[in-house]
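Dock chain one against chain two, each of which comes alone in its own frame, and use the hints as you go.
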Amino acid sequence: MTTTSSDKTKVTLPSDTRIQIVREFDAPKRLVYRAWTEPDLVRRWITGGYGESKLFEVDLRPGGKWRHVMVMPDGQEGALHGEYTEVVPEEKLVHTEIYEAMPDAPPTIETNLFEEHDGRTTVTTYLDVVDKATRDMLLGSGMMDGMEVAYTMLEELVQSL
Amino acid sequence: VLALGERPVNDLVAALELAQPQVSKHLKVLREVGLVEVRGDGRQRMYRINGNGLKPIHDWVSAFERTWSARFDALDAVLEELKEKEIGDDDDQ
Numbered sequence: 008m009t010t011t012s013s014d015k016t017k018v019t020l021p022s023d024t025r026i027q028i029v030r031e032f033d034a035p036k037r038l039v040y041r042a043w044t045e046p047d048l049v050r051r052w053i054t055g056g057y058g059e060s061k062l063f064e065v066d067l068r069p070g071g072k073w074r075h076v077m078v079m080p081d082g083q084e085g086a087l088h089g090e091y092t093e094v095v096p097e098e099k100l101v102h103t104e105i106y107e108a109m110p111d112a113p114p115t116i117e118t119n120l121f122e123e124h125d126g127r128t129t130v131t132t133y134l135d136v137v138d139k140a141t142r143d144m145l146l147g148s149g150m151m152d153g154m155e156v157a158y159t160m161l162e163e164l165v166q167s168l
Numbered sequence: 021v022l023a024l025g026e027r028p029v030n031d032l033v034a035a036l037e038l039a040q041p042q043v044s045k046h047l048k049v050l051r052e053v054g055l056v057e058v059r060g061d062g063r064q065r066m067y068r069i070n071g072n073g074l075k076p077i078h079d080w081v082s083a084f085e086r087t088w089s090a091r092f093d094a095l096d097a098v099l100e101e102l103k104e105k106e107i108g109d110d111d112d113q
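Residue numbers (this note's numbering), protein chains in the order written: chain A, 8 to 168; chain B, 21 to 113.
Same shape as in the complex, but just chain B (with noise of 0.2 Å):
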């Protein structure tokens, strides 16, 4: 929706088809991210797109998926480890 332009948070409300509180919600989240930005204008505050605020998401992982993200890199280098004691072994026969 808001790939159009800047909006007013009713016509976000509109074309979401959810309740103004829940978009309002979502704005700050998103706010918060950095993905929109927002400056008042009268009494409405209109939203925009920031596209520099794409590239920070890459960075907002869970804790979750660093958790398997370190553990799988730890096996990366485990892995490395018993590929180079296979090759060592046939090296030996």
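Extracted from the complex, chain A is given alone in its bound form (with noise of 0.2 Å):
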């Protein structure tokens, strides 16, 4: 398994067709909840900084679809949709996630667990894709590949420390 963290967002490879993101948040998860759930909130941070997020529809319920239009910093547009497949207020959310540049590749199935300790939120966060090829473009990068090598061989490494 290949783990990354930087600050307080940890990615791991669970396996070959699922990535994992686990994240605390300082708020109760009725709080999260809202703010992942909400068109005008999610829009506020979905993009991370990256672009501009243009339009953001969400009919939450189970069966029920959602679209995210987004304006790139070059300009163009992207556009993701898909459809809920379970929602469980403050607790799970699954949904299907389809680039629709590549209409026709299988969606990307994504979970997300939220649980409040003390006040504070943990999201859990699965992709789970087809398979290994889909999961490594997500991943998005040959570096990636080369990030895998990396950590295997620094994990023997420090193993043998």
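Derived pair list, reagent style SDA-like, types lysine to any residue, alpha-carbon separation capped at 20 Å:
| # | chain 1 | residue 1 | chain 2 | residue 2 |
| --- | --- | --- | --- | --- |
| 1 | B | 103 | A | 126 |
| 2 | A | 139 | B | 84 |
| 3 | B | 103 | A | 125 |
| 4 | B | 105 | A | 127 |
| 5 | A | 15 | B | 100 |
| 6 | B | 105 | A | 126 |
| 7 | B | 105 | A | 37 |
| 8 | B | 103 | A | 35 |
| 9 | A | 15 | B | 97 |
| 10 | B | 105 | A | 47 |
| 11 | A | 61 | A | 49 |
| 12 | A | 61 | B | 94 |
| 13 | B | 105 | A | 41 |
| 14 | A | 61 | B | 90 |
| 15 | B | 103 | A | 40 |
| 16 | A | 15 | B | 90 |
| 17 | A | 17 | B | 87 |
| 18 | B | 103 | A | 37 |
| 19 | B | 103 | A | 50 |
| 20 | A | 17 | B | 91 |
| 21 | A | 139 | A | 114 |
| 22 | A | 17 | B | 86 |
| 23 | B | 103 | A | 31 |
| 24 | A | 15 | B | 84 |
| 25 | B | 105 | A | 50 |
| 26 | A | 17 | B | 94 |
| 27 | A | 17 | A | 130 |
| 28 | A | 17 | B | 90 |
| 29 | B | 105 | A | 35 |
| 30 | A | 17 | B | 97 |
| 31 | B | 103 | A | 44 |
The hints are simulated quantities; they were obtained by calculation from the structure and are not laboratory data.
Below, the structure written as structure tokens:
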């Protein structure tokens, strides 16, 4: 398993077809869930400062559709859409995600689990894809291969120190 | 393996039970990120760990993780605002 972490966001690869992202937030899950599901709030963080969120529509119920249109820094638009398959308020969300530029690609299935402890909330996100190639594409680079190799080697090195 | 000290590539091949080209590829990556250092010693190339190289790996995060990290940092700001707003609302009551 490959593990990387920057600040508080932990990305791990539990299997060839799953990416796990864990992050703790200093807020009760009631508020985290709101920020995660109310379009006006979602739009303020979902792009992470990379481009802007132009449109975000959510029909938050099982079978409900969602769509997000972003404007990239180069001015190009990118859109994603999908469907909610599971909605358990303040506990669990499952939705599919399709990148509209690649409409025939099998959707990514995203799961979000919300757990509160002492007023703080840990959100565990799973991205499930059809195969390793898709996962690696999501991870977004040939660099990841190098990193994976480096981390495996690093683990061995550290264990033997 | 390298923790034991400087080693020629053949020792690493034997210890890691990988083919030589694979090991060379791994070493190339590790060298590029500064985790190992190499020096020529006659016909053999000798590899050793660069302890100082362990730090930069923290900076070496994928674009993927940076995206999520940036996203969640922005979410932190939204949550702070929601919390403050709640406190404000309580005061109004």
